[in-house]
Amino acid sequence: MALRPTTPPLNALRAFEAAARLGSFARAAAELSVTSGAISQQVANLEASLGMSLFERNGPKLTLREAGRAYLPSLRRALDEIEAATLDLVTHGAGERKLVIGALHTLASSWLIPRLNRFQNENPDIRPVIETLALNFATPERSPDLGARQMDVGLYFGDGRWPGMICDKLFDEIQVVVARPGYVASGAMTDENSPRDPADLLGHYPRLVHTTRPKAWHDWAQANGIAITGAPGPAFEHFFMLIEAAKAGMGIALLPRVLIEGPLAEGSLEIVSDAWLKSSGAYYLITPESRQDVPEVRAFRDWVLGLASQSGLSE
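In our numbering, the protein residues as written are 5 to 319.
Just so you know, the hints here were simulated from the structure itself, not pulled from any lab data.
No incorrect hints appear here.
Cross-link-like lysine-lysine pairs, in silico, DSS-like; alpha carbons within 30 Å at most:
1) Lys173 with Lys219
2) Lys282 with Lys251
3) Lys102 with Lys173
4) Lys219 with Lys282
5) Lys173 with Lys282
6) Lys219 with Lys251
Sequences are here, hints too, so could you generate the full structure?
In structure tokens form, the structure reads like this:
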């Protein structure tokens with residue numbers, strides 16, 4: 005298929021991306037194994053086709069103009085996708101049944117991946133590909149664009165109301181207070197008769213903080229009728245970081261039960277309080293409406309919903 009009339013030649017796009025990244029026609033030429041003049045000409049042709057200048061030229065030094073800065077990020081993503089698609093085709097061929105699953109980092113590593121072998125055993129002809137979905141828990145209403153990243157389904161957190169998505173609830177998020185075994189009972193930070201009363205826990209031990217859920221401890225305390233006491237402890241951006249910090253004895257952590265089943269079972273974490281918090285959001289399987297009838301998607305949906313129904317993780 006021929007390129008659309010508005011699509012510049014690939015060589016010109018590659019020349020611009022390399023020159024912008026390296027800040028020099030000469031360095032771009034060395035990377036692409038062509039002459040500096042060839043890079044300069046390709047960029048000039050690209051600018052002519054776009055009808056605007058992308059670089060400010062000051063001798064050998066290149067500085068991106070506003071148009072170049074706006075163009076570069078999307079172009080890089082497009083070139084990366086071309087490279088990834090080519091590598092995937094060369095490596096795996098065209099006939100495979102692939103399912104691209106986007107998931108929150110800790111949910112993927114702590115809940116999905118330990119169980120994924122069961123899906124493969126039941127569907128040996130489907131090759132799962134797991135990619136990371138990012139989520140700012142302060143704005144969980146924002147739906148991830150699975151289509152732009154060519155994902156078939158996603159495991160996500162929020163209220164289950166995302167336009168263009170079919171949302172199947174997997175389980176509630178129940179948060180519990182955990183620590184390294186013996187951390188509370190052994191009096192690691194205080195006397196030997198360390199308390200497990202919720203209010204006393206807050207006063208005696210550093211509380212580890214999730215930076216994108218800064219109100220989580222406040223919500224937990226309010227739900228259990230106690231007051232926050234003591235200063236907050238170290239803060240971490242991701243749940244997997246909080247898990248490791250708690251295992252290392254850095255403090256007490258408020259963590260979703262679904263993400264710590266493994267550490268609880270293996271004995272690297274223990275629940276240190278009966279007080280818990282049900283979050284306002286829940287975990288969902290999300291499927292773009294355009295992908296709902298894909299056989300691989302249907303197979304995964306049936307499997308993961310069955311798995312979730314047996315989890316006992318909802319009230």
